[in-house]
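Enquirer: Starting from the structure of chain A, add chain B with the ligands where the hints point.
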Amino acid sequence: MELINKIPDGPLDQKWTKYKNTARLVNPANKRNIDVIVVGTGLAGASAAASLAEMGYKVKALCFQDSPRRAHSIAAQGGINAAKNYMNDGDSTYRLFYDTIKGGDYRSREANVYRLAEVSANIIDQCVAQGVPFARDYGGLLDNRSFGGTQVSRTFYAKGQTGQQLLLGAYSAMSRQIGKGNITLLNRHEMLDVVVIDGKARGIIARNLVTGAIERHSAHAVALCTGGYGNVFFLSTNAMGSNVTAAWRAHKRGALMANPCFTQIHPTCIPVSGDHQSKLTLMSESLRNDGRIWVPKFKEDAEAIRAKKLKPTDLAEDRRDYYLERRYPAFGNLVPRDVASRAAKERCDAGFGVNATGEAVYLDFASSFERYGKQQATVKGLHNATHDEIIAMGKKVVEQKYGNLFQMYEQIVAENPYETPMMIYPAVHYTMGGLWVDYELMTTIKGCYACGEANFSDHGANRLGASALMQGLADGYFVLPYTIGNYLADEISTGKISTDAPEFVAAEDNVRKQIESLFNNNGTVPVDHFHRKLGKIIWDYCGMARSEEGLKFAISEIQKIREDFFKNARIPGVQNGMNPELEKAMRVADFIDLGELMCKDALERNESCGGHFREEYQTEEGEALRVDDVYNYVAAWEFTGNPSAPILNKEPLVYDNIKVQSRSYK
Amino acid sequence: MTTLKYNHVVINNNMENGMNLTLKVWRQANAEAQGQMTEYKLGNVSPDMSFLEMMDVLNDGLIRKGEDPVTFDHDCREGICGMCSMFINGEAHGPNRGVTTCQLHMRSFKDGDTIYIEPWRSAGFPVIKDLMVDRSAFDRIQQAGGFVSVNTSGRTLDANAIPVPKADADKAFDAATCIGCGACVATCPNGSAMLFVGAKVSQFALLPQGHPERHDRVENMVKQMDAEGFGNCSNIGACEVKCPKSISIENIARMNREYMAANLKG
Ligand SMILES: Cc1cc2nc3c(=O)[nH]c(=O)nc-3n(C[C@H](O)[C@H](O)[C@H](O)COP(=O)(O)OP(=O)(O)OC[C@H]3O[C@@H](n4cnc5c(N)ncnc54)[C@H](O)[C@@H]3O)c2cc1C
Ligand code: SF4
Ligand code: FES
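From first to last, the protein sequence lines are chains A and B.
Take the first sequence: its letters are residues 1 to 666, numbered as in the working numbering.
Take the second sequence: its letters are residues 1 to 266, numbered as in the working numbering.
Looking at chain A on its own, in the form it has when it is part of the complex:
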């Protein structure tokens, strides 16, 4: 298949302006006769639905939760980037663009990333106007913090609940349009197929999760804003319901899946505590502004700590190894996520891990308590403050910044992080891979778009912190509303699309058959069993480190899991009513197929880049070794009917504005 990315010509900083000036428009009267389905109500979906409805399109919005406000975006903690340069620390559109390309290890498209940086400042204006209560300084102006992989402070935040506040902003914009009748909300609905007629997306098949009814919905365009697929690993920081089903079903209908092996393992998450674990909890990257990461310098200390004979606070400074500061003096604790995660794994694999499982490192705030405490003492003129008073004041400052995260930690681990360092370990967090889209965010199915984490477009092989929220809102508020018109301009005389077309009938039939076969297999084993097994294989062989041998083994194991699943999974309950096990089963079926594709993709990419670390390709110091002359492309996979035999298409990546270098944070 030929991949046309539709990147406009001209200088980088004028492409988007030029595009907007020449894209076709749909006049207001015609918009009223055009239906758009937006699947998903996270940052991408809610902002897209609100914007499209406001422009005059008739929108249907779907989410599987009971309310749009509960989309997984709600859980984002640390912040959102924007090139506002309010801190006057040398930030600019170009610098945000550059950091993102470099952070992504030179595996993303220049034009898309530049556009993202360009619209980023607007996002903040928009959100403030909506009443999003960002953190402010004492002068009443917006405050910023730093995130990994950058040397400026460009991250806007609302304590540890930035995603919540941004999503509630987009949800309120959406609610306004629902109230006006411009959006029809289909909550507790799951999309199970895209209906393609004459090569164009013409609607979807969805299941009403309350009644079990299989429904047909037609539209002139469909936007998939269905989030990432991190839950393929079973354990991840994603919400329990996050899934690949919508994207995967589109993939099966002709949308290519790009770079599926590019997944992000986040360095600071609460470690696994036992077999019952159902999900993992992130401790925001923002904590690395003030927390220092370390393990014991000597193995005997690590062993004593694991045996609970020694406490971390007992260890003197010279017996600690602040390994990120040691290895990467320029960026220290704020190296990008892939680098920080691998470094933690390296130390733990070498026997320096600090909890019972040996898979944890410390994130320590002691020196920040002291630093902030001293600052406070100076500000308040308390020159005789005792050490304890200083620490207490410092803790107050830290509480102001991260109070809810500290509280969350204590609830889960039952240890007070103000008194003893946090224990953290990397966990699956985000997926850079996703549906292939062109510059207009259209997939390889005409009229079918993908926005937010569901697409592959902006983060290359590694996403920088606080850039997913930025991308989701950029796609939904500022990109799709322009690009979709360019396609819909041809649809003004199409008229209402009938759901009686044979393609609708066939797609519905297909979904029904799948459901029936899941019910009728006489299996005895709960769905979660298969999901855990799949997740473990992918974590072990397609996680933080990958190798040819491991990936080949994983592929054969996944094929066995698929067979076992269809034979032995038990779906209790009813088809025509609320049935969470059935929902899970359909998602797991798609995760199995996706998992196999991820391993294939990782196997095919004989280099290391960003989150994709092939053990065979590393420098002497253990850093990722890219092979630019061969692998500087987007791997876009095509479904053939057989999940084990996909076809690889390549979109070459062209760098006209940035010199491709090897990434260094030293």
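Each hint should be verified, as a subset may be incorrect.
[Claimed, not checked] Pairs of lysine-lysine, PhoX-like flavour, derived with a Cα cap of 25 Å: (1) Lys180(A) - Lys166(B); (2) Lys567(A) - Lys552(A); (3) Lys533(A) - Lys65(B); (4) Lys265(B) - Lys396(A).
Hint data in this document are derived by calculation from the structure and do not stem from the laboratory.
Bear in mind that the values here come from a model prediction, so they are computed numbers and not experimental data.
Expert: Then chain B with the ligands, alone, in the frame of chain A:
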């Protein structure tokens, strides 16, 4: 009417040295069916499990026995989506303060305990199945006025054009941390939704961006709240205590002031 065929089910999970619990769980096949409490014995529960992970273990056992697992709402499992909603031993989100059900851990219980697990009960929240209820009334209240009528074009003022005093911004933020779980309603003897609505009204009332529409907003939201069948506030204050985000009842007072001001204006 459906009656459930199993009344006592014993599930043993293979953890060693865990707790043994008796669970009395509300089972209701659908909105129309009559529900009932059903008893389950669950063995070897680890104190490190979250409450929902304990429910997962129960469900795993039920599925293996060919029974229908217990349906409950959940998603983020970290206290932010507002989806989980269980009434545990007579308290919304269980015995602890400032946490949701998904943040409750089994270390808050002890071996041999009997735990009663029920759905939110309120006229405004009909049961869908077992522990799952319909909270779409909250969405409709939001649709009635819980927004600033600004277009999403991005052609607005620069974000720093209007400074907001930090104290106001912080208060607005505190109000905005409401997760829409409905524990306030479930806890209130009157089934009032005033804490939820008050929090949203306050967030916007405290920010300059919310001022132009403040009167219409409060009137429209209160009107919808009443239409949904939520009860009135009689200052009991139980909502604030059981709110997992510790939303202050000051927000109800602020909403009442906003409402009076709107009425005076006419
Ligand atoms: C714990 C955590 C913290 C994070 N913190 C940050 C941060 O600080 N900064 C940052 O930039 N990024 C952060 N991220 C990443 C960021 O939150 C996500 O990438 C982003 O929110 C994804 O938004 P989205 O709109 O693409 O998808 P989501 O928010 O995942 O929304 C998906 C939507 O699709 C719907 N859906 C899915 N499948 C179907 C289907 N089949 N049928 C119907 N509906 C469906 C869901 O109901 C939901 O509404 C964080 C992620 C996690 C896990
Ligand atoms: S006010 Fe508190 S209890 Fe009520 S919905 Fe909001 S978070 Fe839940
Ligand atoms: S599951 Fe999200 S708040 Fe409990």
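Enquirer: Next step is simple, just say for each hint if it's right about the structure.
Expert: Comparing the hints with the structure gives:
no.	hint	verdict
1	Lys180(A) - Lys166(B)	violated (34 Å)
2	Lys567(A) - Lys552(A)	holds (23 Å)
3	Lys533(A) - Lys65(B)	holds (21 Å)
4	Lys265(B) - Lys396(A)	violated (43 Å)
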